[in-house]
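Undergrad: Each chain, written out:
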Amino acid sequence: MTLTIPSFTLSNIGPWLTLTGAAILILLVDALSPKGRKAYFPQLALLGLAVALLQTFCLWNKRGLDFARMVYIDNFALFFYAVFILGTALTVLMSRHYLEDYGKDLGEYYALLLFATLGMMLMAAGAHLIMIFLGLEVMSIAVYVLAGLLREDPKSNEAALKYLVLGAFSSAFLLFGMAMLYGAAGGTLYLDDLASRLAAGGALTQPLTLLALALFIVGFGFKVASVPFHMWTPDVYEGAPTSVTAFMAVGVKAAAFAAFARIFFLAFPAFKVDWVMVLWVLAVATMTLGNVVAIAQTNIKRMLAYSSIAHAGYLLVALVAMNQLGAVSLLYYLLAYTLMNLGAFGVVILVGRKKDSYLSIYDYSGLGFQHPALGAAMALFMFALAGIPPTAGFVGKFYIFSAAVQAGYIWLAIIGVMNSLVSVFYYLRITVLMYMKPAEADLGPVAFTPALTTVLLVTAVGVLLIGIFPGFLYNAAVNSVKIFPGL
Amino acid sequence: MQLPILSILVFFPLMGIVLLCFLDRKNHKVLKGVTFGLSLLEFLFSLPLWFRFDSHTPAMQFVERYPWFPSYGISYYVGVDGFSLLLILLTTLLTPICVLATWEDIQHRVKEFMICLLALMSGMLGVFVALDLFLFYVFWEVMLIPMYLLIGVWGNPARRIYAAIKFFLFTMFGSLLMLVAILVLYFHYGQATGTYTFDLLKMYGVAIPFHMQFWMFLAFGLAFAIKVPMFPFHTWLPDAHTEAPTVGSVILAAVLLKMGTYGFLRFNMPLFPQAAWYFVPLFSVLALIGIVYGALVSMMQKDLKRLIAFSSVSHLGFVMLGLFTFTMPGVQGGIIQMINHGLSTGALFLIVGMVYERRHTRMIADFGGLSTPMPIFAAIFMVVSLSSIGLPGLNGFVGEFLILLGAFKANMIYSTIAATGVIFAACYMLWMFQRVMFGEVTHEKNRNLKDLSLREIAIFAPLLLFIVWIGVYPNTFLHKTKATTENFLAMMDKAKGTKVSLSQAFKGEAP
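Those protein sequences? They're chains E and X, same order as listed. Per my numbering, the first sequence starts with residue 1, numbered consecutively. Per my numbering, the second sequence starts with residue 1, numbered consecutively.
Any given hint could turn out to be false.
[Stated by the list, open to error] Cut-off 20 Å, straight-line C-alpha distance, at most; resulting in silico cross-link-like pairs (SDA-like, lysine to any residue):
| no. | chain 1 | residue 1 | chain 2 | residue 2 |
| --- | --- | --- | --- | --- |
| 1 | X | Lys450 | X | Pro375 |
| 2 | X | Lys202 | X | Phe69 |
| 3 | E | Lys437 | X | His108 |
| 4 | X | Lys302 | X | Phe401 |
| 5 | E | Lys355 | E | Ile415 |
| 6 | X | Lys166 | E | Ala296 |
| 7 | E | Lys482 | X | Gln107 |
| 8 | X | Lys166 | E | Pro485 |
| 9 | E | Lys437 | X | Arg109 |
| 10 | X | Lys166 | E | Lys355 |
| 11 | X | Lys445 | X | His211 |
| 12 | X | Lys111 | E | Ala376 |
| 13 | X | Lys111 | E | Ala373 |
| 14 | E | Lys437 | X | Pro375 |
| 15 | E | Lys437 | X | Ala158 |
| 16 | X | Lys32 | X | Met15 |
| 17 | E | Lys437 | X | Trp431 |
[Unchecked claim] Now the stretches of chain E that chain X is said to cover, found in silico as 3 or more residues with beta-carbon under 8 Å:
| no. | segment |
| --- | --- |
| 18 | 115–122 |
| 19 | 135–148 |
I should point out that these hints are in silico values taken from the structure, not numbers from a laboratory. Cβ coordinates follow ideal geometry from the N, Cα and C atoms, glycine included.
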């Protein structure tokens, strides 16, 4: 028996290799450097991410399949690479200050972040369902560990355990769905084959495909935290270290949406009627529940958790629309969300101080006048999350609802904007506390480290910049979604 | 190459904010002085609009257009016509006055206050000049934030937060539905013509089936009706007015409310003319209810600010009634009445603010006989009250007379009911004036109140000038709006005459 190794080009997966290399290097440096010495983990991680970003730019506009049709190289994947790298880099920047309080500024933390990013890239670029599953697992396992990083803290333990158990459950659903699909499609899991095989399969395989579809929706619904698979979100977001929460809220969600969109747009266009209807209901439920329950939260991390559920709902609207604008808005919104949410979490870390002792929203009372810059930044992120111009959040929502209107889902758009109205209430409450309530106590100094200042600056400027000049990104996103047939 | 006056007007205050950021926050005099200088400069910049405005053409003037987001059909497109000219000038005139009025009033967080004021100015001017629906929406929403902060941070401690949130949520509610309608309109236009654009003037021409007009008119109309505010949507107004600091109330009354009426003129009616005709009875009746109800409720108020707030509901009812007559005097009267209301109600809020600074109360019962210690104040207050009532020779009369004339042409009953509003206005204003100013000084504290200072007189001087000017020779102003109004009415007349039943509208059947 001869085994032929298909030809491949390593540069096509350059970013993956760089990140893997950087992660392993960090682990080695950690193991080999003498105990108690402050090592250059964040710098190494950032360097790795920078090189990966450069490689991503070099690959831009390249299009193809490699590694025996396992990996897509296209702008859709590359756009997501850039989003992941941005999210991870900002997370790395805000981590050290936070982790040092807990004495957890460890090499493995940064290595795990990089591995998780690698997993996300696999998900965005996978051309075969098994590749996507591998990516999902690489990402998830790294994040399970990260969530439980503060192992002396019961809440962190609870978060990790909940996330692991429920996450494993949802992975199983996804895998089971793939098995069904394998049968229905007559023995293939290549995304570019699936559509034609499923269409040709005839009535007999239809129930099997529908079952697979349902299982996929469960699996991805869990990862993007859509109702009714959202139960884990508030507890995990609250318990996990804040920097990890930030990472999960943007990175994991973006990766799951990347795979979600690619599978549904490429493999199931023939079943559009079926899944669009389900997602319509899920989108409405997710937006509404996230926004309404967020009103009742007094812990800022829990509030942002419910807000992230609500944002998953808006993103589902983009999927429901299933037109070019919908796909574009998905990309744009995920990038905008990465910026504004990481910015908000950066403020949460700065205000939290001393092992998260200030996490209640009432700790923000009077912040706006005691620390004007910090208050202004938080206000900006809150207005952006609420979707008020001239921020990236507004433009993102504008795209999403445009897509819904264009596709004829006017009611969905109306429900969506009404949900924004509900969300305005709790985002506004933070600004009310910051600017209109007197401080309950002197807030004391806030330790602005250069890294955290950079995070806030980059995110604040980014939120405004792509909110006021959305053209460039829009064109890039249009360019990225051209890979889908019919868009 | 023409100077981009409109862009300068919109963005100069923002540059002013940058300048303010570098000033010492402790030195209130400098902060206020610089802001006053900036707003005065802004007013000077706006003067060429008045002098170089060609009143013979209904076309947009001082137009600037740059591609902003071409792949989506969004451009930075601004211009001025007879509808917006006066409102822009009103805004730039009032801002320096407002800064002067803060001299004693605002004593803490002055820097932030001035920044909010300048941001608000920029937003308001943006709303009045925008000719691109996207641009308009951006300004419309952006302007909410500084106003919300003005009410919430510097307002009356007891209920300012409640009022600020109520203001924000009410306005947001309307504007979000408007956003959906804008999108529907955008895609309808794109499908009908093949080009996707947010250009308002191009959209004026496109044919929209009636059932779409019906819903979009309601969506836009809700946003604007909340802002005006029309009768069932007015409940945010008394709260916002009462709790806001003096200057906040002045701007709210004088400019922000006009955005609603302006929105009807600029967007609702020309975009959806058939629906506009269809909704004449509904909106006229709501306007009438507003006129009478606002006046009656005003009469019963114990708080001066609340009284003036409810009188706004009544006055704006007149404006809406005038606009929905679609007659020359009605519409022109409506526009003039917008300016009048800005001048006289703005002045009334300033007056209440000055009394409040001296006595720290706004309850009518706490006053009485103020004309003895404060004769100059009494004289100014008298003129402003009479202007608000609509005494011939002052501005209020011109607006209300034209509106009643227009309404009489359109529907005699409307006109008759509206006329009672004028009588009620005389009742509540004069009664209030009598209780506050005349008679014996009943409270010891009122005996030694200081009369107006030179600064305070300077605040009123320009307002009084225009109150008399519009009253005596309104043609200066009517002339500017004439061509635009004629063009607008011609547009509306073309759409007249389609009779539609409600069930047709719901079913989406074409008439």
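Undergrad: Tell me, in ascending order, the numbers of any earlier hints that this structure violates.
TA: Numbers 4, 5, 7, 8, 10, 11, 14, 17, 18 and 19, in rising order.
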